[in-house]
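Given these sequences and hints, build the entire structure.
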Amino acid sequence: WRSTRAREPVWTTLGAVADERNSALKGGGRSTVTSERRDNDDGEPSGECRPCTVPVEVLLERLQRHAPDNRYLERFLREPFLEEILAEGALRMLLQMKKCAKEVTEAYAASLQAMAMLSASGRTSPRGKGAVVLDVCCGKGLMSVLLSFLLPEAKIVLFDSNGAMDLAHVGARPNLTFRQLDLFAADALEILVDAAALGHACIAVGTHLCGALSPRLLDLALRADPVDGLVLSPCCLRGGLGGKVGKLGRKQRLDPYHVLVATLTELARFEMAAAADASAADAHDEGVASAAEVALHPEGSAESVYDDWVTSPKNGFIVVCKPRLEASKRAGATPRAGQRASNETSAHTRVATHPDAGGTADVDRVTPPPAATRG
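To convert, note that position 121 of the sequence shown is 121 in full-length UniProt numbering; the numbers rise steadily by one, no gaps.
I should point out that these hints are in silico values taken from the structure, not numbers from a laboratory. Wrong hints could be hidden among the right ones.
What the hints assert, rightly or not - Below are the DSS-like pairs computed for lysine-lysine, each with C-alpha atoms no more than 27 Å apart in a straight line:
1) Lys-247 x Lys-314
2) Lys-129 x Lys-140
3) Lys-314 x Lys-102
A quick note: this is a predicted structure, and the numbers were derived from the prediction, not measured.
If you want it as C-alpha cells, here you go:
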C-alpha cells in the first residue's frame, strides 16, 4: 500500500514504498517495523537471558484464573511440555508478562491454523517434518516457541527488525532460528523466499501486525513462490486507508477492525484471482495447457476467521491458501483445526477492493461477520 499525494491510497502488489509522505509508514513505533533497528553490528541476536522475576506459582495462577472458560488456556495447562517451559528460564520469561493469558490464546489460534494448513498440504509429517513456518514480526516469539513443541520436526524461522532483543529462547529450542528483517527492505522478499525453501511446505504467520505491516506481509507472501499460505492477524491500519476504514465502519455501525480484516481478505482474493488469470492466459498463449487442465488448478482462497477463544477483541485472522495448497485441500483435505471460529465469511466484507483503472481503492458496503459459535 502506498500513498499517492492528493489521491486516495493505492493497494498494489508492487510492494510498499516507504517515503516521508506516507503517514502509515512513518507513524508510530510499530507502523513499519516492530522495534528500533540495531545498526551497530550485523544484526546477530543477543543470546543474553534476563532472569525471570515472577515466581512459577504466580505464572500458573494467571493462566489458571481464565482456564475454566477458555479451551486454549485449558489445553496449555495440560500440555506435557509446559513443565519444560517453566523449568527453562529463557522460555519461562515469555510467560512473565501480565497479559500472558491473552498471548497464549493468540499463539494457539495462529499455531492451529498454520498446522491445519500444513497438514492439508500433504507434504509434511504430523510432527512437522518437511514443514517451514515463518513467524514474521515475531515480537517476543511465544507462538514460535509453542509451535516448536507442537511440531518438533518443523523448521521455524522468526523474523523481526529488532535484533537486539532478548532471544535466548531461540537458542533454547533446537528447531528455532532468528533472522533480523525489515519488511520494507529491498531484499525482504528474497530473504523470505530463501527461508521458505528450506522445506516441502511453508506457511507464513503474522500476528497483530500494526499499520502498513499487514498489507506489506500479504504482498510479500503472495509473491513468494515457496510460501504456500498465510495466517495474518492485523492489529490496526494507519494513514489514509486507515481513516477510510474507520469512516466506513462508523457509517455502517460496524467495528472498524472487522472492516480492516475484510479489506485485507478481499485484497488477497483479488490478487490471487488476477495472478491465476495471468497464468492461464500465459499457458494458453504458449500452448502449455488446455483450458480443462488450467481449470484443475484453483486460484487459491482467502477467508476471514474470527476466533473467540482468543481473549482479545482483535481476534480476526485472514487465512490465505495459495493455489498449490488449495489444490491439495480439494484433492483430499484434512479438516481445519477445531477452533471456535467464524469460518463462513466468503462473501462478506469488501472495503478497499482491488485498484480500478484509475488506480484508486473502491469502497463497497460491508456486512458484519456472523456470530461465532462454540465448537
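| request: Find the hints from earlier in the document that the structure breaks and name them by number, from lowest to highest. | output: none
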